[in-house]
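The residues making up each chain are set out below.
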Amino acid sequence: MSDFSNALDVSISGLKAQSQRLRHLSENIANADTPGYRRKTVSFESEYGGPDGIARVQTSRIRTDQSELERIYDPAHPMADEGGHYEGSNVNLLIEIADAREAQRSYEANLKMFEQSRKMSSNLMSLLQK
Amino acid sequence: MLDRIDLFKTAFALARHSGARQATIAENIANADTPGYKAKDLQPFSASAATTKDASQIMVATRSGHLAGAHQASPINIIEARGRSTNPNENSVSLQEEMLFAVEAKRGHDRALAIYKSGLRILRSSLGAK
Chain G
1 MSDFSNALDV SISGLKAQSQ RLRHLSENIA NADTPGYRRK TVSFESEYGG
51 PDGIARVQTS RIRTDQSELE RIYDPAHPMA DEGGHYEGSN VNLLIEIADA
101 REAQRSYEAN LKMFEQSRKM SSNLMSLLQK
Chain E
1001 MLDRIDLFKT AFALARHSGA RQATIAENIA NADTPGYKAK DLQPFSASAA
1051 TTKDASQIMV ATRSGHLAGA HQASPINIIE ARGRSTNPNE NSVSLQEEML
1101 FAVEAKRGHD RALAIYKSGL RILRSSLGAK
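Residue numbers (our numbering), protein chains in the order written: chain G, 1 to 130; chain E, 1001 to 1130.
FYI, nobody ran anything at the bench for these hints, they're computed from the structure. Cβ atoms here follow ideal geometry from the backbone N, Cα and C, with glycine treated the same way. Please note that a few of the clues may not be correct.
[Stated by the list, open to error] Every beta carbon over 12 Å from chain G, so not counted as near; a handful from chain E, in silico:
| # | residue |
| --- | --- |
| 1 | D1006 |
| 2 | A1023 |
| 3 | I1029 |
| 4 | T1034 |
| 5 | K1040 |
| 6 | N1089 |
| 7 | V1093 |
| 8 | L1120 |
[What the hints assert, rightly or not] Below 30 Å or equal to it, Euclidean Cα-Cα: the simulated DSS-like pairs (lysine-lysine) are:
| # | chain 1 | residue 1 | chain 2 | residue 2 |
| --- | --- | --- | --- | --- |
| 9 | G | K16 | E | K1106 |
| 10 | E | K1009 | G | K16 |
| 11 | G | K40 | E | K1106 |
[Said to hold, decoys possible] Examples of chain G residues toward chain E, derived with CB under 7 Å:
| # | residue |
| --- | --- |
| 12 | G14 |
| 13 | Q20 |
| 14 | L22 |
| 15 | H24 |
| 16 | T41 |
| 17 | V42 |
| 18 | F44 |
| 19 | S46 |
| 20 | L111 |
| 21 | M113 |
| 22 | Q129 |
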């Protein structure tokens, strides 16, 4: 029985981590046109610990992408410098969308495992019925 | 009482093994995007059955591999799954493979519970209960 609660627990941690990743991705996408915005990147790490020794997943500290900001030529922009350029964000929409799709797939896989563990334990419980 | 009957013992061992495998697979899937995570798996049920010490408790089979009897609830060892492809971030979880193993675990669990249930039914009818 505790195997199943471990399985549910781990699946939940996976769901949480993936949805947090999705949250940061949507922040990046929403700020794609914000001048000076650096895209946030988030990674995962296994959290060993506790007496059960199972590897829950959690998100690591958020880092910001230190690559060059895009320089956009627009002399009419209020933040433009003498040359008529201003710094945009370094968000690449293509990368963000692909990453979001991957997060969605992983989320679905975790959800499926949760569903299956639940079904297995409820089958076990139904042994008690006559 | 029920644990003295070989059939129940074997069914119990298989159900326990499948439950533990489900938990391990859930762990792998939750960590599918964790850099550096190595996929884990259990020893196959037939292998843990073969290590049963007491010779009198081995089921007699006309062909090897026909009956996989595990009478004792032998300790379940978690091993590192080898020979899996590795991603550039040194993660060796493949979602497709894990889904396949999850289905295996579910089927094993269902099979064990079905055997257990039918054994219970036979016992009940021998007691004259409806």
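Structure-based check of each hint:
1. Every Cβ of chain G is farther than 12 Å from the Cβ of D1006/E; the closest lies at roughly 18 Å, confirming the non-interface assignment.
2. Its closest Cβ contact with chain G, about 4 Å, brings A1023/E to no more than 12 Å, contrary to its assignment away from the interface.
3. Not every C-beta of chain G lies more than 12 Å from that of I1029/E, the closest at about 5 Å, which undercuts listing it as non-interface.
4. Its beta-carbon lying about 4 Å from the closest one in chain G, T1034/E breaks the requirement of being farther than 12 Å from that chain.
5. Its beta-carbon lying about 8 Å from the closest one in chain G, K1040/E breaks the requirement of being farther than 12 Å from that chain.
6. Against the 12 Å criterion, N1089/E falls within the reach of chain G, whose nearest CB is about 9 Å from its own CB.
7. Remark: the non-interface label on V1093/E conflicts with the geometry, its nearest Cβ contact in chain G lying 10 Å away (cut-off 12 Å).
8. For L1120/E, the requirement that its beta carbon stay farther than 12 Å from each beta carbon of chain G is not met, with the minimum near 8 Å.
9. Between K16/G and K1106/E, the direct Cα distance comes to roughly 24 Å. Compliance with the 30 Å bound is thereby established for this hinted pair.
10. Straight-line distance between C-alpha atoms of K1009/E and K16/G comes to about 38 Å, which puts the hinted pair past the 30 Å bound.
11. With a C-alpha separation of about 39 Å, the suggested pairing of K40/G with K1106/E is violated against the 30 Å cut-off.
12. For G14/G, the interface hint holds, since its Cβ comes within 7 Å of a Cβ in chain E; the closest pair sits about 3 Å apart.
13. Interface restraint check: Q20/G against chain E, minimum CB-CB distance 12 Å, threshold 7 Å, status violated.
14. This hint is violated: L22/G has a C-beta 12 Å from the nearest C-beta of chain E, more than the 7 Å allowed.
15. Hint status for H24/G relative to chain E: violated, with the closest Cβ pair at about 13 Å, above 7 Å.
16. Here the hint on T41/G is broken, as its CB sits about 12 Å from the closest CB of chain E, past 7 Å.
17. Because the closest C-beta pair between V42/G and chain E is about 10 Å apart, greater than 7 Å, the hint is violated.
18. Checking F44/G against chain E by beta carbon gives a least distance of about 4 Å; that is within 7 Å, so the hint holds.
19. Interface restraint check: S46/G against chain E, minimum CB-CB distance 5 Å, threshold 7 Å, status holds.
20. Restraint check, L111/G versus chain E: the minimum CB separation of about 10 Å is more than 7 Å; hint violated.
21. Of the supplied interface hints, the one on M113/G holds, with its beta-carbon coming within about 5 Å of a beta-carbon of chain E, less than 7 Å.
22. The beta carbon of Q129/G comes no nearer than 10 Å to any beta carbon in chain E, farther than 7 Å, and the hint placing it at the interface is violated.
Going down the numbered hints, you'll see the structure goes against 2, 3, 4, 5, 6, 7, 8, 10, 11, 13, 14, 15, 16, 17, 20, 22, while the others check out.
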